[in-house]
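Novice: Listed here are the chains, written in short residue letters.
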Amino acid sequence: QDEQIKIGVSIPAATHGFMGGLNWHAQEAEKRLEALHPNIDLVIVTADGPEDQASDLEDLVSVQQIDALVVLPFESEPLTEPVRAVKDAGVFITVVDRGLTDPSIQDVYVSGNNTEMGVNSAEYMMSRLGEGDNIVILRGIPTVLDTERFDAFMSTIEGSGINVLDDEFANWNRDDGFEVMQDFLSRFPDIDGVWAQDDDITLGVVEAIRQAGREDEMFVVGGAGMKEIVKGVMDGDPLVPVDVLYPPAQIATAMDVTVAHFTSNGPVLGEYILGSPLITQENAEQFYFPDSPF
Amino acid sequence: MVDAASASGSPILSASRISKSFGEIPVLFSIDFDVKPGEVHAIIGENGAGKSTLIKILSGFEQPTSGTIHYDGRQVTLPPNGEAEAMGIVLIHQELNLAEHLTVADSIFLGREITGWGGFLDLKQMREKSRAILDTLHVRIDPDARINTLSVADKQMVEIAKAISRDARVLIMDEPTAVLSVGETETLFEQIRRLQARGVAIVFISHKLDEIMQLAQRVTVLRDGQLIATVGTEALTPDSIAQMMVGRELSNLYPPKHEPDVDAPVVLSVRGLRAPGVKDVSFDLRRGEILGFAGLIGSGRTAVAEAIVGLTRRTAGEIEVHGKPVNFTDVGKSVAAGLAYMTKDRKGRGLLLNVGLQPNLTLLTLKKHIKGAFVDGRSEEQALEKAVRRFDIRARDASVPAGKLSGGNQQKLLLGKTMESEPDIIIMDEPTRGIDVGTKQQIYHIIAALAAEGKSIIVISSELQEVIGLSHRVVVMREGRLAGRLEGAEITEAEIMRYAAGIKQDGDNERISA
Amino acid sequence: MSASAPEATASPGKGFRLDLKTAGPLLALILLVILGYSLNPLFLAEGNVSNLLTRSAFIGIIAVGATFVITAGGIDLSVGSMAAFIAGVMIIVMNWAVDAMGVSVWTVVLGIGCSLILGIGAGFINGFLTTKAKIEAFIVTLGTMGIYRSLVTYFANGGTLSLDSDARNIYRPIYYDSILGVPIPVWVFILVAIVGWVLMNRTAFGRYCMAIGSNEHVAQYSAIKVDRVKTWTYIIQGLCVSLATIIYVPRLGSASAATGVLWELEAIAAVIIGGTMLKGGFGRVGGTVIGALILTAIGNILNLTEIISNYLNGAVQGVIIVAAVYLQRGSLGRRKKAAE
Amino acid sequence: MSASAPEATASPGKGFRLDLKTAGPLLALILLVILGYSLNPLFLAEGNVSNLLTRSAFIGIIAVGATFVITAGGIDLSVGSMAAFIAGVMIIVMNWAVDAMGVSVWTVVLGIGCSLILGIGAGFINGFLTTKAKIEAFIVTLGTMGIYRSLVTYFANGGTLSLDSDARNIYRPIYYDSILGVPIPVWVFILVAIVGWVLMNRTAFGRYCMAIGSNEHVAQYSAIKVDRVKTWTYIIQGLCVSLATIIYVPRLGSASAATGVLWELEAIAAVIIGGTMLKGGFGRVGGTVIGALILTAIGNILNLTEIISNYLNGAVQGVIIVAAVYLQRGSLGRRKKAAE
Ligand SMILES: Nc1ncnc2c1ncn2[C@@H]1O[C@H](COP(=O)(O)OP(=O)(O)OP(=O)(O)O)[C@@H](O)[C@H]1O
Ligand SMILES: Nc1ncnc2c1ncn2[C@@H]1O[C@H](COP(=O)(O)OP(=O)(O)OP(=O)(O)O)[C@@H](O)[C@H]1O
Ligand SMILES: [Mg+2]
Ligand SMILES: [Mg+2]
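Residue numbers (this note's numbering), protein chains in the order written: chain A, 1 to 294; chain B, 295 to 808; chain C, 809 to 1148; chain D, 1149 to 1488.
Treat each hint with caution, since some may be false.
Stated by the list, open to error - Stretch by stretch, here's where chain D covers chain B in the computed footprint (C-beta under 8 Å, at least three residues):
no., stretch
1, 638-645
2, 652-658
3, 666-675
As the list claims (entries may be wrong) - If you anchor each label on the Cβ, the simulated ranges turn out as follows:
no., chain 1, residue 1, chain 2, residue 2, range
4, A, 282, D, 1321, 56 to 64 Å
5, D, 1186, C, 1114, 55 to 63 Å
6, B, 609, C, 1002, 41 to 49 Å
7, C, 936, B, 317, 26 to 34 Å
8, D, 1321, A, 89, 17 to 25 Å
9, D, 1193, C, 908, 50 to 58 Å
10, A, 265, D, 1186, 38 to 46 Å
Treat the hints as calculated values from the structure; they're not laboratory data. Predicted model only: the values in this text are computed from it and were never measured. Note that CB positions come from ideal geometry on N, CA and C, so glycine has one too.
With these hints in hand, go ahead and build the complete structure from the sequences.
Specialist: The following block contains the structure:
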């Protein structure tokens, strides 16, 4: 057990809130795990895009000569082959969040659940709204996981009689969230609910609603579990009554599991799907990490 | 002439034992020079002799490698970048030195804007003052016009306006008349005499020896960076100056005119040409003929040439080359048809200032130097060698950027570039702009030889002597039209001026020929 | 030959030329407004117009600064990151002040002061590196762009820096309040535009910028302190970024790695749509303001309509930008161009 | 003083200058290699060097094209989006071909042909709009940048376009195989660099590009078909993007809205680090190649070490880029600059 183990962690760079949280959790986990296991060395690399990440993977193998890889692919399809190449070099593979197109590559899979996130958000909407009520949707960046959330949401509310007035991309960015919501507000005199899908967007949306003075007319459902939003839920903010978890801490879980593969007695394999529970005032406390940047 | 007394005081600006090297290359050797208040002191010398370098040192734009400068009796180190203007030393650069996007008024006051209340620009006053200065120069330039819409000559007038608007105690002018025609030159001289009478010291560079005889009290001659002599003008004749300059006798500036063949075929025929700046121009050019184009600034001579070679769109009229109607849409087509145009704007239109001699020389005719698919460096080098010999281009080495050549050598390079295309018909716009007399003579002989060979040449020139000395026939332009056509003995300065100024018109002349 | 003509024609001539120049972008804006209104009449509703103007203030203010940099022949790619960085530091400083001294108006004043110093400093650094170290502006500002973006990510630990909510309540009005019915950010924008216009067109400094952008040698030979003027353009740019940030922070009360991404492209686009040339020599602050309005209006219009797929927003934006510029250069500007 | 000198000095003089000019970026690259090696000796391991070279091929090939555009005084911001768009269409066409005719080598040939046509076409459009419609290159390519990026998002329905796996197996070797121990992308890069160098330095076309970038008027007066040459530079750029895409697609087998983001900035940075001037008139293909290697090496080195926080990667990158350029301009180039 005294041989040195090097584990590479390849994740997207912290370009927006969720990824920022993910980066933070990864670094926290690195500190924690390295302190705990002197023979484990974790190397975190961040990428600005799929091709950048493919390059990172090559470097982790050829230069860092890793024994295991924890990877959150920027996008599933483009990274399937590069991860396979890592696997072919004899490296233990843990895939996080976005599955590869060929699941046989991975040894461990840890993930949030985009579909469940869409479904839970839709179900909450349906619990508060009914026939003839209007909602608007602010989406992220056109990517597979955005599409998964959106499709799941749409198929769930189908037949409920809730009108989706329009959806626009807000790029998981609070400035865009603010501006798109401003425009929705000037366009639609009657909005009952907003699905913002992401807490960065939610923050912008909330400000736009406040500015328009229409807080009492609608509520917002965000997603991910940003600490400010969770705090608001905890305090009973009527405008953002709930949040749907999509935990950035899943990267830490994945790192834990991967380290366990080398430190525990038996091999660690399989899938670890983290749920996307609804965060409500009752359970908010357990999802609140005041030290996290996210 | 201004009385000698005013020029007999002690010098206001003097340089002693000035030497200058650019890197390893020495260009000035221990020059002594001074200028007194109320005096016009001319500097002459061949192209590349170091005139511009000397006066840049006298105005702070270059620092001498050794030697001292005295101003007002005190030894000084002149501040760089035109800051010496504040001390009263003003320089008109040889190369136009205006920012193309600014307006005329902005340019005239650049660096010493008039500000009014609160430090804001007093645009009205700047405009009015600009107009007043331009008025004294008798030029019709709108102070609000942008520099890039002006002709080269107008730009030069703006430069002059800019310089005389400053309160100069020493005014240094580097070939201010190179692009000016007789009229403009005369107004410039009036202004110079006026300033002189006010006690301004003037340093004047020109290759036009008669101008120097007219204006200067003393002349300093430079050759290859050496001071040859400083002498009073009264002791000189143009011939003796020329001899000091070139170091040899300069008889026959103009080659003898061979008898034009009246039956020679017309190689270029222009009928009813209309284009930007051109209103209804018709003329013929015969084989072996030298046709002079005279006229005042902005009379449209350049505009005619540019319309013919396809640089501007013509709106009406026919052009025939060798009897075949042509419509050149770009310069390439006209060059291919054997018709080349040499621009007068060597800096803005003629040469790439940041590259060496070779690429400049062959830019117009690069196709000739293609072997297979590639540019044949050898063949380019040979072309350069030939051009250097033929036009006496003097440069430190072939890699010197064209912008660093002396003004005259730039002009020779441009001439070489145009002649590279071996045209049958050549339109030369101010071909000897800034060229020293020695080389001028060579160029005139080249032009005459070309004509004798059967080439046809249009010479656009503001130097009347040149037009008269070279041309078989002369046309005079005025406000975009042909005002007159002169032949043989009619070709005199007075006659040309009468047409150019509009005192006489084409119709007044009984012998209207095509 | 005499100069009698100019007096008669100069003044109207100038007026006319000025009109024509501003007419290009203005025409494009008017067509865009007509388009917006015909797609959705709400486009001209008071609320939307006010939103639109307020929104355009950020890019507009930054673009006014960029007009100076570009006119003097430079370029600044760092503005977006600089805004994020300044916003981040402002928030950190204000939060620290709240901890140390409690909340008061002075907290906000401190933040604003801090922002101004940073903006001027960052501008100075860009200017210094381009003029004194003689490194191309493109490279310098590409470098500082990366540096500021990294620093704000680092300060925020990859997440978001959020302003203390009490401080925010004091600060909020600067974005959300109106004076005489006009939102404060719009006032700031108007002010910056006027000052910028005056500086560009009515002071020697503006002339120097144009001269330098047009021909640096000429400027230098006219005893203009080229390096100093160029450095000042970057400082003005920094100051504008700082002002934009001061009204940006109260809007959402936060800064993160995502703040100000691509603002540099938008700002440069606004400048060029407005008729300033990328190569320098020719600056139009008025045009820049219109350019910023055009860019903001395009985004707004796209949000107000459902005709086209969301995926194609970027394409529509691209087509409109090109068309807007074509409109002014292609038709009206053709002759002017040819003459140049 | 006379011109007898040229014959004697021209050739060596020219050779020497060339050395000095390439020396700047080369020196920066060498220092970077030393830095990389000292941080981790594996930096120079065969596998890493081969990875690094292969990776630099994309940006390198695109940057060679950009060298022509920039030399002729233009700019192309659309290259990254264009790459994504071409990759997307290639994948769609190849997938369709697989459905229609089954998998064979011809599938890939079809895809490649399609890519070449698109690249040339896209380049032509950029060139046409800048030269004939007289719209600034910055605006044209900003517009097409948005358009291509949107189109690929639209084609992919917001997701990813993936190449059929059988087709991919046939195509794969183009990225992953080696010839004589050198990866195929590196061969392509070498080839493009050589052709580019010859085109720039040994043909009339290259000379024309420099002339146009240096002074468009002089070029026009020298019988150069300015519009045509400029359009060709954009076509060459499009062709280079197409070639880069042809070796990119087999690497990841997919295209999405995220493909090629910011490649334009990297390509322009490589060109400028290599010593070409953003204002045009002066092109150095050799320098561009070194510039691309420098940029790739920086990213690689950052992956080799854990000394600094990941959040600060961008800052380190920025500092190194500025320092690399300073190294060549600041010290070696100072005298040249000052003299100009
Ligand atoms: N900045 C410079 N760097 C290198 N050499 C230079 C520079 N300026 C001038 N020279 C050289 O110095 C010499 C003298 O040039 P100068 O311009 O003084 O000549 P000139 O007498 O004014 O000639 P012209 O009549 O042609 O204008 C020339 O050989 C020229 O190439
Ligand atoms: N492309 C153009 N469009 C509009 N006007 C033009 C154009 N070219 C020339 N002009 C105008 O035509 C007139 C003739 O100018 P041109 O330069 O041909 O005169 P020139 O006789 O060659 O005089 P100079 O001695 O100044 O060169 C000028 O008033 C000029 O402004
Ligand atoms: Mg001279
Ligand atoms: Mg929509």
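Novice: When the hints from earlier in the document are held up against this structure, which numbers fail?
Specialist: none
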